[in-house]
Amino acid sequence: MESSKVIHAIYTDDDVLMAAVKDVRVAKYHIDEVYTPFPVHGLDKAMGLAPTRLAITAFIYGCIGLIVAAAMMNFIMIEDWPQDIGGKPSFSYLENLPAFVPIMFELTVFFAAHLMVITFYLRSRIYPFKDAENPDPRTTDDHFLMEISVANHNEEEITEFLKTTGAVEINLVDKAH
Amino acid sequence: MYTLSNKLRTFSFALIILGFIGVVYGFMSSHKSLDEVKTMLAEDAAHHGVKQDDSQAIHITEAHETHAEAAAHGEESQAETAHAEGADAHHGDAHAEHVQHQIANRPWSALYVAAFFFMMIALGALAFYAIQIAAQAGWSPLLFRVMEGITAYLLPGAIIVLLIAVASGTIGHYNIFIWMDPEVVADDKLIQGKSSWLNIGWFAVRGLIYIAGWCTYRHFSRKFSLAQDLADDNSNFKKNFRISAAFLVFFIYSESIMSWDWIMSVDPHWFSTLFGWYVFASMFVSGITVITLITIYLKSKGMLPSVNDSHIHDLAKFMFGLSVFWTYLWFSQFMLLWYSNIPEEVTYFITRIEDYNLPFFGMVALNFLFPLLILMNSDYKRIPWFVVMAGVVILFGHYIDIFNMIMPATVGDQWFIGIPEISSVLLFAGLFIFVVFTAISKAPLVPKRHPLIEESEHFHY
Chain V
742 MESSKVIHAI
752 YTDDDVLMAA
762 VKDVRVAKYH
772 IDEVYTPFPV
782 HGLDKAMGLA
792 PTRLAITAFI
802 YGCIGLIVAA
812 AMMNFIMIED
822 WPQDIGGKPS
832 FSYLENLPAF
842 VPIMFELTVF
852 FAAHLMVITF
862 YLRSRIYPFK
872 DAENPDPRTT
882 DDHFLMEISV
892 ANHNEEEITE
902 FLKTTGAVEI
912 NLVDKAH
Chain H
462 MYTLSNKLRT
472 FSFALIILGF
482 IGVVYGFMSS
492 HKSLDEVKTM
502 LAEDAAHHGV
512 KQDDSQAIHI
522 TEAHETHAEA
532 AAHGEESQAE
542 TAHAEGADAH
552 HGDAHAEHVQ
562 HQIANRPWSA
572 LYVAAFFFMM
582 IALGALAFYA
592 IQIAAQAGWS
602 PLLFRVMEGI
612 TAYLLPGAII
622 VLLIAVASGT
632 IGHYNIFIWM
642 DPEVVADDKL
652 IQGKSSWLNI
662 GWFAVRGLIY
672 IAGWCTYRHF
682 SRKFSLAQDL
692 ADDNSNFKKN
702 FRISAAFLVF
712 FIYSESIMSW
722 DWIMSVDPHW
732 FSTLFGWYVF
742 ASMFVSGITV
752 ITLITIYLKS
762 KGMLPSVNDS
772 HIHDLAKFMF
782 GLSVFWTYLW
792 FSQFMLLWYS
802 NIPEEVTYFI
812 TRIEDYNLPF
822 FGMVALNFLF
832 PLLILMNSDY
842 KRIPWFVVMA
852 GVVILFGHYI
862 DIFNMIMPAT
872 VGDQWFIGIP
882 EISSVLLFAG
892 LFIFVVFTAI
902 SKAPLVPKRH
912 PLIEESEHFH
922 Y
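Same order as they appear, the protein sequences are chains V and H.
Under the numbering used here, the first residue of the first sequence is numbered 742, with each subsequent residue one higher.
Under the numbering used here, the first residue of the second sequence is numbered 462, with each subsequent residue one higher.
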């Protein structure tokens, strides 16, 4: 089993964390991950993460929902069991279209919302009853944890450097893979 | 401080003069003699060739529909239609007279649509402004002077709308509102029942009440906003907050009633319970679009250096979201009436689908599909030329929306977007630009002593 050494630097304030993330990146150390008790605005940009593509998938899912609804209403109301509702011509899709619009809208939202959540779960590798990945339970309360890979750098050098960025606690951890 | 450039002043005057000439031409050329109308109709019928009989029948049915006969009269007009083929001569005359009247209505309606459209932009911007103040929004104070500039047009704009409406029933020949015509009312039980509400005197008084309410708020809000710049405390800010909240209550009632009076009553037999909301959606999105366009214009002149991408982004989000909101109301109104298919209600949409097919469905593309697709991507909401392009289309779409509200009742199938319509738009566009930019040039563009200005300047999404 390969193991790699990482350093856990713990902060108690999101503004200090943000400044630290920027400093660490300037110093060319590699940040593996940051664990926070709440979403920190702008953290993804500061960490240099690629922008999310979730919005694009949401658009695609919405389009799928729209198509499914259109096809479904065609099957139900026109092909399989045409009904005379309010004297509307029952064999014409186009002339009944306004009645299908609310369903199209609902299924567009339904598909976009549900599939987006499922995509998010898959992409984040989380599922119900999964054990938490965060290395320190305090990050679910009021602490912020930055994980930096040691790689080829000197551990002490990094530790000294992190102290200057305002970390309240610095731990060296062997991470088993 | 912004100063109205000579170029812009000249441009607005050119629009006004050009528009005025066109409007005068429109009025001059709208008086056709009965013979001229008959020749015109005969030529029209000849063009349609085989369809002649058909179209005649439709015209006659319609003559009754546009006069908004109630459902009860429907059968009668059907009978007359069948009858028409026999007694062509007499009905030909009646029809020609009807078309003659519609042609005479056209310049009035064109003027009214354009006047209402620009008034509505100012009113929508005023509602948005009041909401920002009442919500104590932190992002928008930088844009307050732009909004105050736009709302300066409300007083002249609303007075013009009311004047045209009243003049059409006094100077004109009942060219917009048929309920103003005593001869129509004499034969019409439904309008008689509504005449305690729909009469010129009470109509004018109500109009003055709305205008007084809106413009009083606008006057004091602007005054407190300017006074806050020079104040040592926040008392003006607090006063502005209070009157804005009160105004919004007044606004939502008066706007609704105004939309029944100034628009819905052109079809005095027809009514829709969500009409006020529908008109509101149109005015709100148009108002915000114009705020965005003017902000981008001033920024491009280097006048609003603190306005950043995030402000434009937020305004574009409003344009996007409210376009969807407009569609929601448009469709809600349409689908219920279409589905229930009750003759006295659905005639409203039958006229629009048969005679106004392109503008009626075209505006859904302009007001919904286009902004939806263009402004969906969050990056595009930050690109000024993209937002400007979407804004121009939205404004055009909402002009068509107002056009669809008024024209079917007044000019029927004799509509066209020609000299009277375009000139009216030019006339009021010129006036709007002149009034708005003059008002913007009267005060510093940044409300520097506003308690939330710091937040607005550093607004970052």
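No lab work stands behind these hints, which were simulated from the structure alone.
Since the structure is predicted, the reported quantities are computational estimates derived from the model, not experimental observations.
Don't be surprised by glycine CBs; every beta carbon is placed ideally from N, CA and C.
Some hints could be false.
Examples of chain H residues lying across from chain V (beta carbon under 8 Å, computed) [as the list claims (entries may be wrong)]:
no.	residue
1	T788
2	F792
3	F795
Selected chain V positions facing chain H (Cβ under 10 Å, derived; list incomplete) [stated by the list, open to error]:
no.	residue
4	P778
5	A796
6	T798
7	F800
8	A811
9	A812
10	I826
11	G828
12	K829
13	P839
14	V842
15	P843
16	F846
Here is what the structure says about each hint:
{"no.": "1", "hint": "T788", "verdict": "violated, 10 Å"}
{"no.": "2", "hint": "F792", "verdict": "holds, 6 Å"}
{"no.": "3", "hint": "F795", "verdict": "holds, 7 Å"}
{"no.": "4", "hint": "P778", "verdict": "violated, 23 Å"}
{"no.": "5", "hint": "A796", "verdict": "holds, 7 Å"}
{"no.": "6", "hint": "T798", "verdict": "violated, 14 Å"}
{"no.": "7", "hint": "F800", "verdict": "holds, 7 Å"}
{"no.": "8", "hint": "A811", "verdict": "violated, 16 Å"}
{"no.": "9", "hint": "A812", "verdict": "violated, 21 Å"}
{"no.": "10", "hint": "I826", "verdict": "holds, 8 Å"}
{"no.": "11", "hint": "G828", "verdict": "holds, 6 Å"}
{"no.": "12", "hint": "K829", "verdict": "holds, 8 Å"}
{"no.": "13", "hint": "P839", "verdict": "holds, 5 Å"}
{"no.": "14", "hint": "V842", "verdict": "holds, 6 Å"}
{"no.": "15", "hint": "P843", "verdict": "holds, 8 Å"}
{"no.": "16", "hint": "F846", "verdict": "holds, 9 Å"}
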